[in-house]
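Number of protein chains: 2
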Amino acid sequence: MLVSSLCRSYALCFGSLRHSPAAVLRRGHFGASFSAIRPTGRKLRSPSLGGLRAAAEGLKIASGRQVGARCMSGSTGSMSAVVPVVDKNGEVELLPAVEDRYEGVIVEVTAPMDPGAFVSSLRASLLVWRQQKKKGVWIKLPIQHSNLVHPTVQEGFWYHHAEPGYIMLVYWIPSTEHTLPINASHRVGAGGLVMNDKKEVLVVQEKSGMLRGKAIWKLPTGVVDQGEDIIAGAVREVKEETGIDAEFVEVLAFRQSHKSFFDKSDLFFVCLLRPISFDIKIQESEIEAAQWMPLEEFAAQPSVHKHELLKYIADIASAKFERSYTGFSPVRISSIFSNRQACLYVNSKDLNQTPSSGSQAPSGWCLYSGICSGRTSRI
Amino acid sequence: MLVSSLCRSYALCFGSLRHSPAAVLRRGHFGASFSAIRPTGRKLRSPSLGGLRAAAEGLKIASGRQVGARCMSGSTGSMSAVVPVVDKNGEVELLPAVEDRYEGVIVEVTAPMDPGAFVSSLRASLLVWRQQKKKGVWIKLPIQHSNLVHPTVQEGFWYHHAEPGYIMLVYWIPSTEHTLPINASHRVGAGGLVMNDKKEVLVVQEKSGMLRGKAIWKLPTGVVDQGEDIIAGAVREVKEETGIDAEFVEVLAFRQSHKSFFDKSDLFFVCLLRPISFDIKIQESEIEAAQWMPLEEFAAQPSVHKHELLKYIADIASAKFERSYTGFSPVRISSIFSNRQACLYVNSKDLNQTPSSGSQAPSGWCLYSGICSGRTSRI
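From first to last, the protein sequence lines stand for chains V and Y.
Heads up, the first sequence is in the UniProt record's numbering, so the first residue is 1 and it goes up one at a time.
Heads up, the second sequence is in the UniProt record's numbering, so the first residue is 1 and it goes up one at a time.
Calculated directly from the structure, the hints in this document are not laboratory data.
Keep in mind that a hint or two might mislead.
Since the list can't tell identical chains apart, any single copy or any two copies may satisfy a pair.
Said to hold, decoys possible - Quick list of in silico lysine to any residue cross-link-like pairs, SDA-like style, CA-CA up to 20 Å:
#1 LYS207 - ARG130
#2 LYS214 - VAL98
#3 LYS199 - ALA299
#4 LYS311 - SER335
#5 LYS207 - GLU103
#6 LYS311 - ARG332
#7 LYS214 - ARG323
#8 LYS311 - ASP245
#9 LYS140 - ILE216
#10 LYS133 - GLN301
#11 LYS140 - MET168
Here the structure is a predicted model, which is why all the values come from computation and not from measurement.
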């Protein structure tokens with residue numbers, strides 16, 4: 001099958017990701033690379049705008065003509081500025097599209113279009129793409145062209161994802177089960193465990209939320225922005241809420257939970273930060289109070305005792321201070337398959353350690369791993 | 001400000017997440033809890049359907065009347081089955097809504113509606129919600145009601161997110177900057193490093209993708225499903241591709257990268273798995289070949305030498321076999337704030353270790369951490 005968008009990423013390390021047949025939407029095909037550059041648009045001559053789909057084989061296609069900017073670019077102004085896609089000669093402009101790397105095509109509507117004309121062009125384009133053995137068709141509609149959403153759905157497209165300013169619709173031409181990839185499934189958050197060398201942690205009380213008015217001290221936490229490194233997110237949140245500058249040290253633990261919002265999941269990273277400034281200046285709009293608090297005092301709060309994650313964090317912080325806990329440190333890595341850099345988090349202490357003997361574990365490594373020795377909590 | 005959806009999750013551990021003022025869309029308000037149960041729908045008497053918004057103060061609202069199932073539930077059949085929302089007495093049905101925990105309201109359209117009638121109801125409803133000092137308004141439109149997308153956008157709503165079967169639109173009533181939360185920003189993948197006690201790893205060659213036909217052996221990898229634990233995703237992908245049953249042991253490392261698809265990011269977890277069966281049965285549709293391969297042979301592939309992530313994985317696997325590398329083990333945790341369970345990944349070996357001395361680090365713990373000693377790669 002085709003590779004997915006994640007494949008394109010993971011291919012950097014593993015060739016390509018494989019996909020379970022059980023979950024159609026997380027599978028293979030990925031057509032939304034706007035870096036693809038081959039336009040497929042042509043002008044299609046048709047005596048009638050109706051029944052184009054059924055008349056596929058009979059259509060005469062003016063080869064080699066590319067669709068100009070006439071109908072799909074230019075002004076993004078009012079909806080009244082409709083540009084016709086059927087010219088005086090009865091020709092239908094095909095939608096300008098770029099090919100992706102996965103035998104698909106991508107259309108981005110950038111100017112107002114009359115829904116009827118859009119549908120005519122879409123039908124004609126689908127005929128051509130079908131003849132060309134294309135697979136996935138992606139149509140990106142900016143929100144100002146929301147009048148085209150319903151017509152697109154009526155042509156058999158469905159929603160792939162939406163962001164505030166646009167919606168992406170998809171269609172699968174082959175008669176096979178589609179292999180389009182899933183949309184993003186997780187949100188990412190980070191909590192900053194900022195600990196100084198007096199074993200004090202930086203804690204806040206918030207002006208809103210479930211713990212408002214309950215006098216419970218918590219770590220600064222926040223949502224990692226789209227496109228933001230976990231490292232940067234943790235440091236930023238601490239700075240915003242408390243005014244404290246800090247350096248990222250390690251990911252001490254992370255939590256995955258589900259159904260956090262709609263049907264999505266979240267990943268929350270508990271990040272150890274080393275302070276490099278110490279004077280607190282709270283974020284007036286959101287923070288009621290902030291202070292450096294002895295770790296023992298933080299851990300002694302009833303809320304920490306009652307809640308497993310908080311208790312783990314307190315235990316880990318204590319272990320870290322006693323130098324018996326190693327988290328995952330960040331390393332910048334690059335790929336030979338693309339220009340993209342990424343951040344890898346590893347146990348750098350263990351990784352940089354000289355192997356104890358260099359010999360193989362005599363009766364199998366797994367007998368010595370935590371999961372076999374019973375030291376690890378089984379789930 | 002208001003708490004976010006992540007707050008609702010992270011509140012389980014930290015009270016609530018805080019949000020950067022810099023990024024509106026990842027901030028605070030979260031209104032999409034369909035578990036909220038207070039319907040706010042009423043019937044609004046109006047002599048005229050026009051100018052409802054402008055006539056806000058003059059409207060007479062029939063109090064205490066709840067909107068029945070007449071206009072928003074029932075058949076989800078053809079679009080022709082429009083149910084009128086203006087009755088014989090000139091009353092406008094308000095949209096049935098439930099309140100969320102964040103002073104917002106949620107509308108889910110479950111039956112076909114005429115766009116004009118929908119807009120009338122929406123305008124009337126917005127008047128009422130404004131009077132009620134509501135904040136975020138969420139409208140969930142199943143794809144079969146895509147005819148309502150454009151009218152909703154024209155009323156000032158924008159897209160929050162979309163899944164194949166529906167689109168969620170949002171609106172912010174107060175004159176303040178909105179604090180609605182961002183949509184999911186990451187996809188999650190997992191690779192299974194399945195290693196037996198002969199220091200052999202389970203590797204595959206794929207039938208498609210960037211490495212097709214290149215005779216490069218890679219680990220089984222895949223996309224973690226929405227709502228699926230990383231653990232389960234890794235085990236499932238290995239089973240699907242190779243037929244090997246395996247037990248999850250640890251997360252050995254993880255990678256965050258950006259712009260992997262559209263503008264989204266991805267997180268990829270390298271998971272150590274212990275095999276509990278050994279006879280390979282490949283997934284014919286996607287896998288060209290699979291085998292147990294000596295780790296040294298895997299690491300000796302030119303592709304591994306060239307690519308930093310692959311090289312790290314080989315090094316970590318080697319260190320793990322020599323028992324000098326500890327990853328993050330999973331622990332199931334629960335919350336006192338909700339009934340939800342989650343999975344926390346920690347360095348359980350270090351956490352369960354008895355502290356060496358119990359004394360404070362004499363000159364500050366940070367001097368002993370990897371980042372200060374120079375053992376950790378700085379980024």
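Hints, verified against the model:
{"no.": "1", "hint": "LYS207 - ARG130", "in the structure": "neither (57 Å within a copy, 24 Å between copies)"}
{"no.": "2", "hint": "LYS214 - VAL98", "in the structure": "neither (56 Å within a copy, 27 Å between copies)"}
{"no.": "3", "hint": "LYS199 - ALA299", "in the structure": "within (12 Å within a copy, 42 Å between copies)"}
{"no.": "4", "hint": "LYS311 - SER335", "in the structure": "between (38 Å within a copy, 11 Å between copies)"}
{"no.": "5", "hint": "LYS207 - GLU103", "in the structure": "between (52 Å within a copy, 16 Å between copies)"}
{"no.": "6", "hint": "LYS311 - ARG332", "in the structure": "between (31 Å within a copy, 13 Å between copies)"}
{"no.": "7", "hint": "LYS214 - ARG323", "in the structure": "neither (33 Å within a copy, 45 Å between copies)"}
{"no.": "8", "hint": "LYS311 - ASP245", "in the structure": "neither (26 Å within a copy, 34 Å between copies)"}
{"no.": "9", "hint": "LYS140 - ILE216", "in the structure": "neither (46 Å within a copy, 36 Å between copies)"}
{"no.": "10", "hint": "LYS133 - GLN301", "in the structure": "neither (64 Å within a copy, 36 Å between copies)"}
{"no.": "11", "hint": "LYS140 - MET168", "in the structure": "both (4 Å within a copy, 17 Å between copies)"}
Hints 1, 2, 7, 8, 9 and 10, counting from the list given before, are not met by this structure.
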